[in-house]
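Colleague: Taken in sequence, the protein lines are chains G and S. Take the first sequence: its letter number 286 is residue 286 in the UniProt record's numbering, and every next letter is one higher. Take the second sequence: its letter number 57 is residue 57 in the UniProt record's numbering, and every next letter is one higher.
These aren't lab readings, by the way, just hints derived from the structure by calculation. Just so you know, not all the hints are guaranteed correct.
[Said to hold, decoys possible] Covered stretches of chain G, as calculated for chain S (at least 3 residues, CB under 8 Å): (1) 241 to 250; (2) 368 to 375.
[As the list claims (entries may be wrong)] Heads up, simulated EDC-like pairs for lysine to aspartate or glutamate below, C-alpha to C-alpha not over 20 Å straight-line: (3) G:Lys249 with S:Asp146; (4) G:Lys248 with G:Asp350; (5) G:Lys369 with S:Asp40; (6) S:Lys57 with G:Asp378.
[What the hints assert, rightly or not] Just a sample of chain G residues kept apart from chain S, beta carbon distances all over 10 Å, derived: (7) Gln99; (8) Leu111; (9) Lys136; (10) Asp138; (11) Asn259; (12) Ala314; (13) Ser342; (14) Glu343.
As the structure is a computational prediction, the values presented were derived from the model and not from experiment. All C-beta atoms in this analysis are idealised placements derived from N, C-alpha and C, irrespective of residue type, glycine included.
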Amino acid sequence: MVTRKKRLGMALASVLVLSALAGCGDKAVSGTGGDGKGKPDEMQFYFTGSLNVKELWETLVPMFEKANPNVKVKLVYIDSGSGGQSTFDRIMAAKQAGQKSGNIDLYESSLSDLTKGMKSDLWASFDNSKIPNLSKIDPNNLKNLNGAGIPYRASAVILAYNSAKVATPPKTADELYDWIRKHPGRFAYNDPATGGSGDSFVQTAIYNFLPPEASTSQDPAIMKQWDKGFALLKELHPYMYQKGVYPKKNQGTLDLMANGEVDIIPAWSDMALEQISKKVLPDTTKLTQINPSFTGGPTYLMAPKLSEHLDSVAAFLNFVLTPEAQTVIVNKMYGYPGIKWSEMPKELQDKFKDVAGGYRTFNLGDLGKEIQKRWQQDVAGGQ
Amino acid sequence: MSKAVKQGILGLALVFPAFLLLCLVVIVPILLAINESLKDDQGNYSLQSYQTLFTDKVMAGNIWFTLKLTVISVVLVLLISYALAVYMRFSGGPIVAGIRKMYMIPIFIPSVIASYGIINMYGNHGWLSRLLLPFGIETIPRIIFDYKGIILANLWFNIPFTTMLLTSALAGIPNSVIESAKDVGAGRLNIFFKLIVPLSYRTMLVAVTFSFMGIIGGFTAPFLIGPNSPQVLGVAMRQVFSVYQETQLASATAVFMFVLCSVMGYFYIRTMIKDDKASMH
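Extracted from the complex, chain S is given alone in its bound form (with noise of 0.2 Å):
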């Protein structure tokens, strides 16, 4: 054999291992749920869980309950990201240093004790609302067992990371850059929109997707801060599989979620392809 198809099977035989563990944990297991998905009860194949999971009225409410929820977290985080991340950039003193070692704090606490953080902080008669007292605010609204507090605990969770990836964008931006646009005369809105976004979208992109993943999919907060119903797809799958033991109905709602992921994967790698091959040239 050549020596280049000796290296060529030499990559095969050390990069197999790893693909095999993604076959295992990854691949067949997600056959397996399609496969499940596409049950009856008496074991025939059929689309009847499909049909259950968007016409039941529980879990459509469920369904739109927790695609709204995302949507409206993940713009949330993307815009106090965006800004966290370019105060910290193009600006300096000891408030942005406190920032800058502070703000990735979130990321190590453990999401059950944030959640339990959460609930003491905003809860009725929460931390917050006694220290509203004195300035005579005697109830505040309804934050947990609400669809406001697990936007709260999203904000908590994806902030920190999503700030990091943009602030490592931003860094990237030559200040040389933002000090020509101000010397002919743009202002501060025009240089966000037209040098600061176009130049780290990318990152944007990554942010985005990696929120969107992390905030559809969750349970721990979602079932100890959200509201009894609608639920998120994280709680009512759970309480459909180990509850109600509806392994079909379960099945389908994960394949569900992980053809959303899928799509939101999808449509990041295909700006990141087309973005390369346009920078090539």
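Chain G extracted, bound-state conformation (with noise of 0.2 Å):
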């Protein structure tokens, strides 16, 4: 125990030491002097997620300034599950105490952080004139934004599937749902309180019950309509892998649809394709969507209303909505591309025609977790 404890206090201060050097990175000066302006406009980056988001801003941003050498973005990487509300709650403190965007000039987040941030009249309005890509974006992906946030890429839960074993995958909600009734042990989600592809799943057995308008209620007297939603989730439950088993994240169900042990998961668009390509997931392996469909949703960028670099800001993010840079992240992501799929090159188009779908995007709010709570009592905990 003694040698354990040490070695664990060793290796978080490794961790610390390393997520503080990663945090003070700095990227190296690409191309000063140029049109001889003087010295670049510099705007700090603040952005969190897994390893492959880091990866794609360090090839966005060399990119970026190349083509714009008056321009510098600073990046700011803040691991993923540590701390990133930290960085909303820095702009909204910054704003309250009106000392400006506090050095924060661009931050990239979800859509709860971004109406968050809307009833507080945080973030900077952009449009065409400031954005000419914005165009290229779906409009249905700016409604009730007000230019606020730019959706610049998308991720979905979607069905995977071995079509050596299904050679039909299920078209509908009901069709999944029988089908799992039929083939007992052969699906899987995951804890939906650990990764959102088994969260998604949850959600949208509940939310297929309710009227549209339904999902992007947050009021709490909705709850009283899951009943039926729990129902279904309960009666499914001995049907599940191993009688009622849910792998914990989302990496679960991708291990258990790996070893053969199933043959159709809920998983994320990007995940999936990412480990088909890698050869972790079998050849065998195919992706549908199912109708109504599974959530998803953009992940937006948004700039502080009180930045003083909104000028370099606006140009950065109208590269990033151009096809080059949205290649870039689809190649790097396995995403949907944030501009719509008819503005990319038709490669793409192709290599990603079976995800292209879509999907629904839910704004529940803290409801979501009132539904995790419930799940783990009347689902996993069978009472």
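These two chains come separately, so use the hints to put the complex back together.
Modeller: Below you can see the structure in the form of structure tokens.
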């Protein structure tokens, strides 16, 4: 135990040091001088996520700076799960104190942060005059945003299935539930508290019984209408893998799929596509979307209104929405582009056609946690 | 000032940095957790979190699950470790040498990697079930994603250290004592329970305390290997804190676990002090 504790302390210290170094890392200065306008305008870009997000920006930013020598983008990476919330809190606190933007010029986050900030008039508004490439985005993705958030990429939960075992995958949610009943033990979704793919399966099972507008309501009164959904999930419980096992994290179900333990799982499109391409999932794995679809949604870029570098931010955002940048995003993230598929190169449209069928975006707010709690008690706990 | 007073001050000055570190790293967080656990959703002081902790079906189920799991694991660890220690101490030969070299290995394997190995070994269609196929055994009971899986992991993580402690305690027992007992006709069980256990039970208490504290607070293996419900308190606490964001209930859970470990620690210290006093006479 002493040895273990000591090593744990050493490991934690190492992780902290590495995190600090990653956060402080500065990009090499590229192409100073150029048009001789003096020092480049520097903007600070805060983002969080997994390693692939970090690598994405480390690829895109040099491309942008090469084409725009008068702008420098400083990346500030916050490791997934370790304090992304504090960035939002910092921007909010800076506004309340009248301290400009707290040195945060651009922030990547989710719809919930975007809407929270909009309530406090936190974000700058962009239009076509500043970002011409906004016209390439599907207008539906810009509704209700007032130019405050730029949906630059997206991911969605889809069905991954083993085509060697499942010749005709389910097309609708009801067909999926029937398939589960007819093939006990061959379907799994992960514990919804540990990963979004299982969470999406649970949420859609509940909200498919409700009118569409319910999926963006955060009124606690709607909880009374969840009974049908939870009854369905409880009914399906004994037909799950090993009579009711829900692996932890999105990767847990992908591992079962890789090992041939199950034939169908819900999965994030980006994770599944990446692992198929890397041969972690067998070649027989295919992807499809059902109707009504699972959830998913854009990841947004948003700029504090009080930033002093909004012109540089607008130039960067316009670059991110070019087909060239979006091609890098799609290839690196195996996800949906932020712009319309029709704006993308033909070969990419073909490559991703199986998952281009769309998704729904729920915005349940704190109700999402209530669903997870009730799932833990009613479905996993069998009460 | 007298020399004695100067030395006293110097001693205190040397100890003070470590004491300060202890305060900041251990005592202050504990006090903050206790304070947080005594607040309700409106920020007023109340026992609401503890009431929820002990009456909510999910959390109460988690508590009982964790306690049962911990007790069973500690007992099994102790039995196996004692058997190993006695075998290594009083037997010879190449098998003993082999065990002596290998039994410490699990200490050096990180828990995530060990959990992954256990999943592959004991999982549905894992290595074990494949090895048993030629013998006509088609299925084995569910071990991974089950209570049994966590016990296996607890054994893996705790047997080496416990065995090491007990082996060192048994090394202090002279062979002559054992031989004398044999000469007067004592059987093996009698020797074990009347001589070996009494002479090593203080170390056994140390081992029990360490195993208990390590097992009850476990997270990685129970998270990856355990069932979805009920959960061990470490996993439930993380879910309440990180996913549900109910910091008061998470703090109450942490305080409860701290109290359990304190009781174990107190019991151990009291026994040690009592024995020290007795042995002075």
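Colleague: Give a verdict on every hint.
Modeller: To see whether the hints hold, each was checked on the structure:
Check on the stretch 241 to 250 of chain G: 6 of its residues sit with their Cβ under 8 Å from a Cβ of chain S, so the three-residue criterion for coverage holds. Counting residues of the stretch 368 to 375 of chain G whose C-beta sits closer than 8 Å to any C-beta of chain S gives 3, which meets the bar of three, so the coverage hint holds. For the hint pairing lysine 249 (chain G) with aspartate 146 (chain S), the CA-to-CA distance comes to about 17 Å; that is within 20 Å, so the pair holds. Restraint check for lysine 248 (chain G) and aspartate 350 (chain G): not satisfied, since their Cα atoms lie roughly 33 Å apart, outside the 20 Å limit.
With a CA separation close to 18 Å, the supplied pair lysine 369 (chain G) and aspartate 40 (chain S) stays within the 20 Å bound. With a C-alpha separation of about 11 Å, the suggested pairing of lysine 57 (chain S) with aspartate 378 (chain G) holds against the 20 Å cut-off. For glutamine 99 (chain G), the requirement that its beta carbon stay farther than 10 Å from each beta carbon of chain S is met, with the minimum near 27 Å. Every beta carbon of chain S lies more than 10 Å from that of leucine 111 (chain G), the smallest distance being close to 18 Å; the non-interface claim holds.
The Cβ of lysine 136 (chain G) lies farther than 10 Å from every Cβ of chain S, with a closest approach of about 36 Å, so its non-interface assignment holds. Remark: the non-interface label on aspartate 138 (chain G) is consistent with the geometry, its nearest Cβ contact in chain S lying 31 Å away (cut-off 10 Å). Remark: the non-interface label on asparagine 259 (chain G) conflicts with the geometry, its nearest Cβ contact in chain S lying 7 Å away (cut-off 10 Å). The Cβ of alanine 314 (chain G) lies farther than 10 Å from every Cβ of chain S, with a closest approach of about 34 Å, so its non-interface assignment holds.
Every CB of chain S lies more than 10 Å from the CB of serine 342 (chain G), the least distance being 38 Å, so the non-interface label holds. For glutamate 343 (chain G), the non-interface assignment is confirmed: its Cβ lies about 37 Å from the closest Cβ of chain S, beyond the 10 Å cut-off.
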